[in-house]
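K.L.:
Here is what each chain is made of, one letter per residue.
Number of protein chains: 2
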Amino acid sequence: MTGSRLGPGPEFDRIRSIAAALGPLAPNIGDDCAVIPDGTGTLVASTDTSVEGVHFRLDWISLEEAGYRAAASAISDLAAAGARVVGILAAVSAPAGASPEELASWMRGVGAVLESTGGVVLGGDLTAGERWSATITVLGRADRVMRRSGAHAGDGVWVTGKLGGARAALHAWTAGRTPDPAARESFARPVPRIAAGMWLMQRGATAMMDLSDGLAGDAGHLAAASEVGIEIDLERVPVHPSVGALDRGLFAARGGEDYELLACLPSSFAESDAAGVSLTRIGSVVAGQGVRLLRGGKTIPLPSSYNHFA
Amino acid sequence: MTGSRLGPGPEFDRIRSIAAALGPLAPNIGDDCAVIPDGTGTLVASTDTSVEGVHFRLDWISLEEAGYRAAASAISDLAAAGARVVGILAAVSAPAGASPEELASWMRGVGAVLESTGGVVLGGDLTAGERWSATITVLGRADRVMRRSGAHAGDGVWVTGKLGGARAALHAWTAGRTPDPAARESFARPVPRIAAGMWLMQRGATAMMDLSDGLAGDAGHLAAASEVGIEIDLERVPVHPSVGALDRGLFAARGGEDYELLACLPSSFAESDAAGVSLTRIGSVVAGQGVRLLRGGKTIPLPSSYNHFA
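Line by line, the protein sequences are chains Z and G.
Take the first sequence: its position 63, counted from the start at 1, is 63 in the working numbering, and no numbers get skipped.
Take the second sequence: its position 6, counted from the start at 1, is 6 in the working numbering, and no numbers get skipped.
Don't read these hints as lab results, they were simulated from the structure.
Just so you know, not all the hints are guaranteed correct.
Covered stretches of chain Z (chain G as the covering partner; in silico rule of three or more C-beta atoms under 8 Å from a C-beta of chain G) [unchecked claim]:
1. 58-65
2. 75-82
3. 128-135
4. 145-153
If you only want the chain Z side, here are some residues facing chain G, beta carbon under 7 Å, derived [stated by the list, open to error]:
5. Pro27
6. Asp32
7. Cys33
8. Val35
9. Ile36
10. Glu101
11. Val120
12. Gly123
13. Asp125
In this text, a Cβ means the ideal position worked out from N, Cα and C, and glycines have one as well.
Using the sequences plus the hints, can you model the full thing?
P.N.:
This is how it looks when you write it as structure tokens:
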């Protein structure tokens with residue numbers, strides 16, 4: 001399958017520059033519909049919007065990083081489903097004055113994610129807007145689709161990687177400071193945990209989701225979907241090294257946009273590595289409802305979840 | 001498959017109001033990924049963005065009509081592929097002050113399209129923006145995927161329905177007039193030609209696309225993709241009754257956003273109805289390249305295509 005020839009005109013010049021930036025990652029640009037390759041497993045899909053000024057600022061990160069981050073946050077939903085990546089459709093809205101080079105830069109960021117996760121750009125749309133925004137729709141296939149529902153009382157509660165890095169970068173920027181390079185990297189280039197998600201699914205995970213709103217809030221979503229309670233020991237939460245000394249566990253639990261995985265696994269499960277990513281047990285599934293954060297055996301008040309509408 | 005239970009919070013109140021507006025058209029709201037139902041045929045996908053102030057204005061049409069129009073223009077790409085509708089993912093950006101009722105109204109418009117075309121809302125995303133916009137990703141299945149490429153010299157060039165209605169409404173609004181109700185309907189509630197697209201595919205169409213930029217420009221895209229020339233007789237173009245007396249064929253040929261189908265069919269094809277929609281032969285595929293518009297046997301200059309970036 002090869003791409004259609006494109007007609008003349010400035011819109012097609014922009015599409016051509018995107019196709020050139022992506023190379024073999026965009027095999028089929030130019031027709032009304034993309035063909036989804038056949039494959040085994042259940043097909044899953046998700047869609048995710050990133051808006052300049054809401055989800056990122058271009059005085060914080062580059063256009064290429066904004067494209068990377070938009071694609072990574074969308075693909076992270078496939079990791080949460082235990083799926084592998086088939087491809088994405090990228091609807092990009094760029095300011096009217098955006099150059100083909102700027103669009104190509106944005107799409108190079110998207111391409112960098114796909115190079116690490118697999119998958120191709122299946123299609124897209126390009127519109128003019130007041131600022132940069134993108135809606136990325138992801139398609140994947142899962143041998144068993146992981147959901148937020150399915151956790152049982154007695155399961156262990158686990159997270160991949162370390163939490164709070166993206167929030168540490170955000171705190172630095174909003175305070176007018178330059179973030180620690182490792183914190184900045186957590187915000188600008190989160191790594192979708194595709195391999196870890198498939199590994200956890202294969203090891204018998206009962207429920208899973210990715211951490212986009214923050215551990216405390218997201219655990220509440222998983223608890224609601226599974227109709228269980230979740231207890232999290234803040235002293236066990238793996239904290240990103242860029243997070244300062246005070247209230248490290250709570251800071252990390254409130255931090256959104258880490259795109260690590262939250263997984264429930266049978267109580268017998270005990271490993272410390274998921275496909276190359278560190279794995280930490282942070283608590284337990286219990287009968288009941290809601291989330292309890294514990295420190296030194298005492299319950300501490302729940303922070304409110306990050307809410308773009310608040 | 002049933003929907004996940006949703007956690008508390010205002011974002012989920014909004015999602016709940018959307019789910020209530022859609023009823024059985026949204027069977028599975030609340031998880032990270034939607035599961036795409038199995039089925040026969042090749043899976044195809046497309047994504048399409050509609051932005052307030054660029055693609056529509058809320059002093060022209062209602063929020064429900066804006067939702068309808070966004071979904072219809074996206075689903076029209078499936079009609080062009082000769083596909084049936086599996087479902088859509090709707091990423092909606094609403095102003096921060098938008099009420100759950102306004103979001104529900106928008107989604108009722110989306111639901112009205114799906115009631116006529118088939119398919120369900122598979123998933124979505126909700127963000128805050130400065131104005132209303134939506135990216136709709138559509139998934140469909142085709143027994144044979146129609147493309148813009150594939151037309152041969154000697155084929156007839158056909159269109160469904162009547163052209164120019166949406167443009168007549170736009171002209172009235174921008175001149176400060178109230179459009180003719182039938183023209184307004186063409187703009188606010190275009191009908192995706194799903195049944196006609198499948199019918200034309202089954203009757204041996206060689207190339208197909210939907211008319212979103214206008215016949216003259218879109219025929220140029222099809223000609224470029226198929227590496228052929230296209231001659232269109234303006235006196236044969238079926239003109240919407242709301243279009244005024246002067247230069248009717250040219251007005252209709254320049255009019256975008258009719259979402260009728262442009263199809264190439266073998267020269268022997270001769271029917272006047274495609275699954276309940278009128279069908280008109282307007283020209284021929286010829287060797288060469290580009291589009292020639294003819295009136296009374298004479299070539300007339302090509303109008304420039306509608307371009308959101310211009």
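K.L.:
Are the hints correct? Go through all of them and say.
P.N.:
Do the hints match the structure? See the list:
Proximity of the stretch 58-65 of chain Z to chain G, defined as three or more residues with a beta carbon under 8 Å from a beta carbon of that chain, is not established by the 0 residues found. Look at the stretch 75-82 of chain Z against chain G: 4 of its residues bring a Cβ nearer than 8 Å to a Cβ of that chain, three or more, so the hint holds. Under the rule that three or more residues need a Cβ within less than 8 Å of chain G, the assignment of the stretch 128-135 of chain Z holds, with 5 such residues. Figure legend: the stretch 145-153 of chain Z, annotated as covered by chain G; annotation consistent (4 residues with Cβ-Cβ distances under 8 Å, at least 3 required).
Nearest Cβ of chain G to the Cβ of Pro27/Z: about 14 Å, over the 7 Å cut. The hint is violated. For Asp32/Z, the interface hint holds, since its Cβ comes within 7 Å of a Cβ in chain G; the closest pair sits about 4 Å apart. A hinted interface residue such as Cys33/Z counts as satisfied when its beta carbon comes closer than 7 Å to some beta carbon of chain G; here the least separation is about 4 Å, so the hint holds. Nearest Cβ of chain G to the Cβ of Val35/Z: about 6 Å, under the 7 Å cut. The hint holds.
Given hint, Ile36/Z at the interface with chain G, holds; its Cβ is 4 Å from that chain's nearest Cβ, closer than 7 Å. Taking 7 Å as the C-beta contact cut-off toward chain G, the hint placing Glu101/Z at the interface is violated, the least distance being around 15 Å. The beta carbon of Val120/Z is not positioned within 7 Å of any beta carbon in chain G (closest approach about 12 Å), and the interface hint is therefore violated. Annotation: Gly123/Z was flagged as interfacial toward chain G, and the flag holds, the nearest CB pair being 6 Å apart, inside 7 Å.
Below 7 Å, beta-carbon pairs count as interface contacts, and Asp125/Z has one with chain G at about 5 Å; its hint therefore holds.
Hints 1, 5, 10 and 11, counting from the list given before, are not met by this structure.
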